[in-house]
Each structure stands twice: as C-alpha cells, then as structure tokens.
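Whole structure, please, built from the sequences with the hints as guidance.
Going down the list, the protein sequences come from chains R and C. Position one of the first sequence corresponds to residue 8 (the numbering used here), numbered consecutively onward. Position one of the second sequence corresponds to residue 5 (the numbering used here), numbered consecutively onward.
A portion of the hints provided could be inaccurate.
SDA-like mimics (lysine to any residue), calculated; alpha carbons at most 20 Å apart, straight line [what the hints assert, rightly or not]: (1) C/Lys46 <-> C/Glu92; (2) C/Lys156 <-> C/Ala96; (3) R/Lys34 <-> C/Leu37; (4) C/Lys156 <-> C/Leu118; (5) R/Lys35 <-> C/Leu67; (6) R/Lys35 <-> C/Ile74; (7) R/Lys19 <-> C/Leu37.
Among the chain R residues that face chain C by a calculated CB cut under 10 Å, a handful are [claimed, not checked]: (8) Asn15; (9) Ile18; (10) Ile21; (11) Ser22; (12) Thr28; (13) Lys34; (14) Lys35; (15) Asn36.
Restraint ranges, calculated between C-beta atoms of paired labels, are given here [said to hold, decoys possible]: (16) C/Pro171 <-> R/Trp16: 37 to 45 Å; (17) R/Ile37 <-> C/Thr149: 13 to 21 Å; (18) C/Asp6 <-> R/His14: 35 to 43 Å.
Everything labelled a hint here was simulated from the structure, so no lab data went into it. Beta carbons are placed, not taken as given, at the ideal position from N, Cα and C, and that holds for glycine.
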Amino acid sequence: MKRLFTHNWQIKIISIILAFTIWYLIKKNISGATFQQLPPPRALATP
Amino acid sequence: MDRLHQVLVFARENWPSAIEILILAVVIYFGYLYFRGTRGAKVLTGLALIFLTLTLTAQILDLQVISWIIRSLSAFLAIALVVIFQPELRRALAALGSHPIFSSNKQKQETLTLLTDVVFALANKQLGALIALERDTNIRNFTETGVDIDCKLSRELVLTIFFPKTPLHDGGLVINGDRIVAAACIFPVSAREDLDRALGLRHRAAIGVTEESDAIAIVVSEETGWISICHRGRIERNFNPESFRARINELLTLVIEDDAPNSESTDKSFSS
Chain R
8 MKRLFTHNWQ
18 IKIISIILAF
28 TIWYLIKKNI
38 SGATFQQLPP
48 PRALATP
Chain C
5 MDRLHQVLVF
15 ARENWPSAIE
25 ILILAVVIYF
35 GYLYFRGTRG
45 AKVLTGLALI
55 FLTLTLTAQI
65 LDLQVISWII
75 RSLSAFLAIA
85 LVVIFQPELR
95 RALAALGSHP
105 IFSSNKQKQE
115 TLTLLTDVVF
125 ALANKQLGAL
135 IALERDTNIR
145 NFTETGVDID
155 CKLSRELVLT
165 IFFPKTPLHD
175 GGLVINGDRI
185 VAAACIFPVS
195 AREDLDRALG
205 LRHRAAIGVT
215 EESDAIAIVV
225 SEETGWISIC
235 HRGRIERNFN
245 PESFRARINE
255 LLTLVIEDDA
265 PNSESTDKSF
275 SS
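Encoded structure:
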C-alpha cells in the first residue's frame with residue numbers, strides 16, 4: 008500500500024495535475040457550449 | 005458538525021468529477037510509463053506541450069479564435085495520434101494482456117527455471133552473453149537499437165543467438181516476462197571510474213543499462229564463463245544455479261524502497 012503512493016510519486020503528482028487541468032478545460036468548454044434553455048410556452052389569450 | 009455536513013454534501017455532489025479526474029490521471033500515468041524511453045515519447049511530449057500551452061493561454065486570455073481552432077483540430081489530432089502511434093498502441097494492448105496480473109506464479113517460476121538453465125548452458129559452453137530483464141521502466145530506447153524478435157523464450161533460441169559469428173550474437177538480448185523482445189541491442193556503457201579496469205565492455209554495458217533503468221542484466225563472460233548479475237549499477241557474481249535462481253527471483257519481486265541505487269555497492273568486492 009505504501010508503495011502505491013511512494014513509487015514514482017513525482018510522475019503520479021504530475022499526472023494528477025495534468026488530469027485536473029484537462030478535466031477543468033473540458034468541463035469549462037462543455038458547460039460553455041450548453042444550449043440556453045427556452046422559456047416555457049405561454050398560453051395565448053383567445054379572443 | 006455543520007462543517008462535516010458541508011464536506012459530506014460537497015463529496016456527494018462532486019464524486020463523479022473526482023472519479024473522472026482519477027481515471028484521467030491513471031491513463032496519463034500509465035501512458036507516460038509506457039511511452040517513456042521510446043522515440044514516440046518525444047513526439048508525444050512535444051505535441052502535448054504545444055496543445056496544453058495553447059489551450060491554457062487561450063482559456064486564460066480568452067482568445068476565442070485560438071480556442072475555436074484548437075476545438076476544431078482536436079478531433080483530427082486524436083485520429084492523427086492513433087495513426088502515428090499505431091504500432092505503440094498495438095504493443096501496449098498486447099503488453100496489457102501479458103501483464104503479471106494475468107500470468108500465474110507457476111508461469112513465472114517456469115520462466116525462471118528456463119532462464120537459469122539457459123544462462124548456465126551459455127556459461128558451460130563459454131559463450132559470451134548479455135541479457136537484460138525488463139521490469140517497470142521501459143527500455144524501448146535500447147531495444148529499438150537492436151533487432152525485434154518478439155517470441156517465446158527458449159533455450160535453443162538463446163544459445164543460437166549467442167553463438168559466435170551469428171549476426172545477432174553481438175549486443176544485448178532483452179527479455180520481458182517469458183518473451184524475447186529483441187536481440188543485438190546496444191546498451192549504454194557505464195563510464196564509472198570506480199569499476200575494475202579489467203571489466204570488459206559487455207560488463208560495463210550491463211552496468212550501464214541498470215544505471216539508466218530498473219532492468220536486471222545478466223552477463224556471461226566469454227573468457228571465464230563466469231556469470232554476473234547487475235542491478236541498479238551494482239554487479240554480483242559467484243552463483244550456482246540455485247543461488248542464481250533465488251537472486252533473480254528476489255530482484256524481480258523487489259520493492260523499490262529496497263532497491264535504492266545508492267545503497268552499498270557490491271561491485272567493490274568484484275573490483276577488488
């Protein structure tokens with residue numbers, strides 16, 4: 008278990024930082040590209 | 005209590021993101037480990053650096069045109085990467101299938117017995133040999149200098165490879181698991197001054213490859229038939245089949261903490 012964290016720890020930290028950066032950039036793009044929700048239809052008053 | 009509740013709510017709302025980041029990190033980590041040391045690694049590092057720098061700059065400075073270009077090119081880039089790294093990807097998937105997790109202990113012991121048998125057969129015939137056992141660190145930059153073999157380890161094949169005057173006998177043989185990866189590979193020669201001057205280029209190459217990776221190198225001396233094991237820049241010898249098998253088994257299962265290259269070197273006993 009200790010080895011899981013200590014073995015190649017520098018590469019693991021860089022991987023997590025990179026993963027977070029990529030995740031953040033993609034997430035930002037996805038949320039920016041979502042379509043604006045249309046307002047619910049309103050009932051027209053009949054004459 | 006309120007604080008704990010906030011943390012729990014935060015964790016409940018964001019656990020999918022944490023899993024996403026973790027999956028990405030695992031893919032990046034193992035991808036890096038696999039491509040490290042290959043020729044493709046430099047191309048991949050360069051591309052990743054350009055892509056990340058441009059993306060970050062575009063996001064921070066809100067450069068819309070650059071962002072649009074990156075978004076448009078990213079789909080093509082993904083396809084281009086698959087085409088460029090097709091051989092590496094194929095090898096990576098093949099390596100995943102032959103990972104130690106999927107191979108039994110019995111299979112490992114059989115390989116070890118076969119390796120011991122081969123090495124002592126080489127020693128008895130006084131055939132000079134240099135064999136590197138690949139471990140966690142990828143040594144593809146060295147295997148690429150040789151001839152691809154990619155076949156199951158066999159006594160006859162190794163004896164044939166190291167038979168003098170055959171085209172592949174000069175250079176190192178790389179073994180990964182129970183497979184011979186490549187032969188006639190050029191390993192870096194150690195330039196350490198504390199080594200015995202009587203050590204030949206074959207021994208120095210064995211030490212050199214273990215200095216630059218976590219591979220285990222086995223050398224059979226052409227002059228004396230002596231067997232040496234090199235690991236982390238250290239060289240050990242005077243083995244009988246049992247002690248050789250036990251030492252290789254020990255080194256193959258060694259955890260990295262006990263593996264430190266700056267621990268006391270046994271090559272002093274060899275050089276003195």
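Could you tell me which of the hints above the structure violates, numbers in ascending order? 3 and 17
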